[in-house]
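K.L.:
Build out the structure end to end from the sequences listed, making use of the hints.
Per the working numbering, residue 1 is the first one in the sequence shown, and the count goes up by one each step.
A portion of the hints provided could be inaccurate.
Stated by the list, open to error - Label-pair restraints from in silico Cβ distances: (1) 85 with 122: 14 to 24 angstroms; (2) 90 with 186: 28 to 38 angstroms; (3) 133 with 230: 35 to 45 angstroms; (4) 86 with 122: 25 to 35 angstroms; (5) 50 with 97: 36 to 46 angstroms; (6) 13 with 123: 30 to 40 angstroms.
Everything labelled a hint here was simulated from the structure, so no lab data went into it. We put the beta carbon where it would ideally sit given N, CA and C, even for glycine.
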Amino acid sequence: MAQRRGPARPRLWFELALIGVSYWIYSLVRNAVPEQAAVAQKNAMWVWHSEQFFGVNVERSINHAVNSVGWLIVGMNYYYATLHFIITIGVLIWLYRSHPGRYAAGRTVLFITTGIALVGFYFFPLAPPRLTGLGFIDTVEVHHTWGSLASGAGASVSNQFAAMPSMHIGWSTWCGLTVFFLAERKWVRALGLIYPLFTLSVIISTANHYWMDAVGGLLCLAVGFAVTRLIYHRWAYQFPQIPASWQGQGTVPEQRPTPVGAGSQR
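P.N.:
Right, dumping it as structure tokens:
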């Protein structure tokens, strides 16, 4: 019950070990899932035809339009390959250092979201648009950019059919909400909201995901928040920046005013 009243103060060595082991397990499980090419292609056709039915199958048009702007699509390729990890780790570090009282709950949301995604990868293998033969452009192959495990040499060590749900959207939205609710400066909070929207444009433009993959990522994140709420009996951002019980336990950041959207419970 004490853990539900307030998460324990995070310890750096434990968090580094937990993140490292968790990402290793995530990569191991994600890439160990049987690729099932035939099933993945069948599911891709179902997704595409479903989008056609609802009139939202705009991915191919966007992919072709953005690919015609060389500097933009090359930048998006590198964005897709790198910022997904860099920004997520950066937000985790910021949360740990500046909002230690909220860190454990926030980190738990991210971990649960990712765990649910692994279930999706296993039970719903999905070929990304660039592998369907539906006329999409594989922008990594065309522009010979590096760093992506989605195409080129990296494809041999990564499950190509783990597209549903999109963790680019799940993780970027977690980052965006964390920054929006906890950052003090308005322009930083605005960037938090822009980040997942731009990530959505990137995953569509590079033909790595469908709109429905993004919806799947958001659903996983919603479950992550809900389960964390059940564990801690508060929403992730409602904990105080520094619980009163931690005072005098060593160096802690200066207590700042309660950010937008975070509760004032102490």
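K.L.:
Now tell me, hint by hint, if it's right for this structure.
P.N.:
Right, here's what the structure says about each hint:
no., hint, result
1, 85 with 122: 14 to 24 angstroms, "22 angstroms, holds"
2, 90 with 186: 28 to 38 angstroms, "20 angstroms, violated"
3, 133 with 230: 35 to 45 angstroms, "43 angstroms, holds"
4, 86 with 122: 25 to 35 angstroms, "27 angstroms, holds"
5, 50 with 97: 36 to 46 angstroms, "43 angstroms, holds"
6, 13 with 123: 30 to 40 angstroms, "35 angstroms, holds"
Hint check: a violation occurs at hint 2 only; the rest are consistent with the structure.
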